[in-house]
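K.L.:
Going by my numbering, the first residue of the sequence shown is number 1, and it counts up by one from there.
These are computed hints drawn from the structure, not numbers from a lab.
Idealized CB from N, CA, C, for every residue including glycine.
Please note that the accuracy of each hint is not assured.
Think about it this way: if two alpha-carbon atoms lie no more than 25 Å apart in a straight line, the pair counts; the simulated SDA-like pairs of lysine to any residue are [claimed, not checked]:
no., residue 1, residue 2
1, Lys259, Tyr273
2, Lys44, Thr66
3, Lys104, Asn148
4, Lys316, Phe329
5, Lys44, Leu83
6, Lys303, Lys314
7, Lys235, Trp191
8, Lys193, Ile318
9, Lys44, Met76
10, Lys44, Ile95
11, Lys314, Ser99
12, Lys193, Lys259
13, Lys303, Leu20
14, Lys24, Asn291
15, Lys316, Gln331
16, Lys303, Tyr273
17, Lys69, Cys85
18, Lys314, Lys259
19, Lys69, His31
20, Lys24, Lys44
21, Lys69, Ala51
22, Lys245, His31
23, Lys316, Thr299
Computed spacing ranges between beta-carbons, pair by pair [said to hold, decoys possible]:
no., residue 1, residue 2, range
24, Lys69, Asp109, 20 to 26 Å
25, Pro48, Pro100, 25 to 31 Å
26, Asn262, Gln183, 55 to 61 Å
27, Glu264, Glu200, 48 to 54 Å
28, Arg319, Asn86, 27 to 33 Å
29, Asp109, Asp49, 40 to 46 Å
30, Ser6, Ser194, 51 to 57 Å
31, Tyr22, Arg154, 42 to 48 Å
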Amino acid sequence: MNNESSLTTELLNADSSRKLDYFKTQVIVPHKNLKQISNQLLSKILAPDDALVYFVFGVTGIGKTTLRKRLQKVLMETFLDKLRCNPGKIAVSGIEVPSPEGGKFSHRDYYERVLHSLNEVLIEYKIIYEIHDKVINNFEQKSDRSRNARALRRAVENVFKYRQIEAFMVDEGQHIFATSGAQQMLEQMNWIKSIANLTETVHILFGTYDLLNCPNLTGQIGRRSEDFHFAPYYKENKEDYTEFKKVALTFARYMPLVKVPNFENKIDYFIDYSVGSVGLFHGWLYRSLRNCMDEHCNTLTFKHIKQGELAPYKRKIIREELENGNRVFAQLMNDNDNLNESNTQGEMQEHFRKRTVGQRCPKRDLVGEN
1 MNNESSLTTE LLNADSSRKL DYFKTQVIVP HKNLKQISNQ LLSKILAPDD ALVYFVFGVT
61 GIGKTTLRKR LQKVLMETFL DKLRCNPGKI AVSGIEVPSP EGGKFSHRDY YERVLHSLNE
121 VLIEYKIIYE IHDKVINNFE QKSDRSRNAR ALRRAVENVF KYRQIEAFMV DEGQHIFATS
181 GAQQMLEQMN WIKSIANLTE TVHILFGTYD LLNCPNLTGQ IGRRSEDFHF APYYKENKED
241 YTEFKKVALT FARYMPLVKV PNFENKIDYF IDYSVGSVGL FHGWLYRSLR NCMDEHCNTL
301 TFKHIKQGEL APYKRKIIRE ELENGNRVFA QLMNDNDNLN ESNTQGEMQE HFRKRTVGQR
361 CPKRDLVGEN
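Given only the sequences and the hints, what does the whole structure look like? Please build it.
P.N.:
Below, the structure is given as structure tokens:
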């Protein structure tokens with residue numbers, strides 16, 4: 001095996017900050033699970049059916065943000081010709097939802113973040129546009145008289161329609177449903193579904209397994225939403241192990257070091273300590289690379305790798321989150337099968353009555369399981 005790096009001399013001779021930035025922002029491995037969900041979502045966006053709201057959930061650090069960025073990039077490339085013909089069009093945009101203060105979600109704050117995010121998109125791509133009622137242009141000037149939630153919602157709906165947005169992506173989507181009580185959570189689900197329906201815009205919510213707490217008690221909502229499970233890789237599964245090994249060796253080849261580190265005999269260790277998450281593994285290697293750079297070494301040693309490990313208590317928390325999430329997901333899948341076997345409305349109603357308050361009842365089609 002040739003352990004000499006094939007990266008450019010310019011990069012290998014660059015300072016540490018540039019090398020670290022390169023590995024963090026440009027070394028992205030499009031692995032199997034990432035590509036599968038990305039392709040499925042792209043298909044849904046290009047040919048939408050009744051479903052306009054999609055949930056992508058997985059353990060913390062699995063790579064949901066990387067998935068979102070990949071999907072945004074593909075959508076921009078897909079709609080490039082339309083964007084050139086219609087400079088007022090926005091193909092895709094999105095926001096990150098902060099954790100609600102005091103446990104109460106602010107719709108007004110959400111609308112403001114949406115409007116500001118659309119402004120940023122317009123600036124970034126230098127799109128010259130004209131909008132008849134100038135919803136975005138006059139937002140700051142009119143802010144004193146249109147801060148109320150209803151006016152802001154109308155502004156959001158108008159922008160979505162006028163800009164012909166194909167997809168709107170929401171990071172940390174579980175925060176939308178961080179409310180107490182099943183009724184409040186159901187109202188939130190109805191709210192996001194209503195925006196997607198009225199604007200005819202696909203909404204994709206990325207979040208943790210907490211998204212599984214979202215209640216889904218009505219058939220109308222069920223027809224307009226789908227779930228995508230962004231699963232980690234398991235060493236007990238041969239295909240998973242092979243895929244994770246490919247990812248690890250690819251990361252090794254693209255580390256900006258004179259000598260490519262040897263990861264061949266460390267795959268079991270990597271997949272265990274990263275909980276099978278490519279996102280967590282990437283962050284781990286970044287920290288290890290930084291330690292290597294600090295010592296001015298020409299390759300990554302096991303000492304650097306050990307130093308970059310997540311703390312044991314953090315791994316424990318993530319493992320518990322994954323185990324609990326998988327358990328809830330498996331239960332929902334089983335409940336869904338049971339519901340499909342129900343033959344009468346009475347059986348369906350009895351099933352709902354027996355559920356614990358606040359426990360989501362699955363009616364959405366579950367896709368993208370790995």
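K.L.:
Each hint needs a verdict: does it hold in this structure or not?
P.N.:
Do the hints match the structure? See the list:
1. Only pairs whose Cα atoms come within 25 Å are accepted, and Lys259 paired with Tyr273 is accepted, the gap being roughly 24 Å.
2. Distance hint between Lys44 and Thr66 is fulfilled; the C-alpha atoms sit about 19 Å from each other, no more than 25 Å.
3. Under the criterion of a C-alpha separation no larger than 25 Å, the hint pairing Lys104 with Asn148 is consistent with the structure, at around 17 Å.
4. At most 25 Å may separate the alpha-carbon atoms for a hinted pair to count; Lys316 and Phe329 meet this at roughly 20 Å.
5. Between Lys44 and Leu83 the CA atoms are separated by roughly 20 Å; this keeps the pair inside 25 Å, and the hint holds.
6. Distance restraint check for Lys303 and Lys314: the Cα-Cα separation of roughly 20 Å lies within the 25 Å cut-off, and the hinted pair is therefore satisfied.
7. Simply put, Lys235 and Trp191 have alpha-carbon atoms about 40 Å apart, too far for the 25 Å limit, and the pair is violated.
8. For the proposed pair Lys193 and Ile318, the alpha carbon gap of about 30 Å is over 25 Å, so the pair is violated.
9. A C-alpha spacing of about 15 Å is found between Lys44 and Met76, which places the hinted pair at or below 25 Å, so the restraint holds.
10. With a C-alpha separation of about 20 Å, the suggested pairing of Lys44 with Ile95 holds against the 25 Å cut-off.
11. For the proposed pair Lys314 and Ser99, the alpha carbon gap of about 20 Å is at most 25 Å, so the pair holds.
12. For the hint pairing Lys193 with Lys259, the CA-to-CA distance comes to about 52 Å; that exceeds 25 Å, so the pair is violated.
13. For the suggested pair Lys303 and Leu20, the alpha carbons sit about 18 Å apart, so the restraint of at most 25 Å is met.
14. At roughly 14 Å between alpha-carbon atoms, Lys24 and Asn291 fall within 25 Å of each other, so this suggested pair holds.
15. Of the pairs offered as hints, the one joining Lys316 and Gln331 holds, with about 22 Å between alpha carbons and a cut-off of 25 Å not exceeded.
16. Distance check on the hinted pair: Lys303 and Tyr273 sit about 15 Å apart at the alpha-carbon level, within 25 Å; holds.
17. At most 25 Å may separate the alpha-carbon atoms for a hinted pair to count; Lys69 and Cys85 meet this at roughly 24 Å.
18. Only pairs whose Cα atoms come within 25 Å are accepted, and Lys314 paired with Lys259 is rejected, the gap being roughly 31 Å.
19. Among the hinted pairs, Lys69 with His31 is consistent with the structure: their alpha-carbon atoms are about 14 Å apart, no more than 25 Å.
20. For the given pair, Lys24 sits about 30 Å from Lys44 by alpha-carbon distance, which is inconsistent with the 25 Å threshold.
21. Restraint check: the Cα-Cα separation between Lys69 and Ala51 comes to about 22 Å, which is no more than 25 Å; the hinted pair holds.
22. Under the criterion of a C-alpha separation no larger than 25 Å, the hint pairing Lys245 with His31 is consistent with the structure, at around 11 Å.
23. Pair hint Lys316 plus Thr299 does not hold up; C-alpha atoms about 30 Å apart against a cutoff of 25 Å.
24. Look at Lys69 against Asp109: about 23 Å separates their beta carbons, and that is inside 20 to 26 Å.
25. For the pair Pro48 and Pro100, the beta carbons lie near 29 Å from each other, so the given range of 25 to 31 Å is met.
26. Checked against the hint of 55 to 61 Å, the pair Asn262 and Gln183 passes, with Cβ atoms roughly 56 Å apart.
27. For the pair Glu264 and Glu200, the supplied restraint of 48 to 54 Å holds, since their beta-carbon distance comes to about 51 Å.
28. Taken as a hint, the range 27 to 33 Å is violated for the pair Arg319 and Asn86, whose Cβ atoms sit roughly 48 Å apart.
29. At roughly 31 Å, the beta-carbon separation of Asp109 and Asp49 lies outside the given 40 to 46 Å, and the hint is violated.
30. Take Ser6 and Ser194: their Cβ atoms lie about 52 Å apart, and the range 51 to 57 Å holds.
31. Remark: the range hint 42 to 48 Å for Tyr22 to Arg154 is upheld by a beta-carbon distance near 44 Å.
When the structure is compared with the earlier hints, violations turn up for hints 7, 8, 12, 18, 20, 23, 28 and 29 and for no others.
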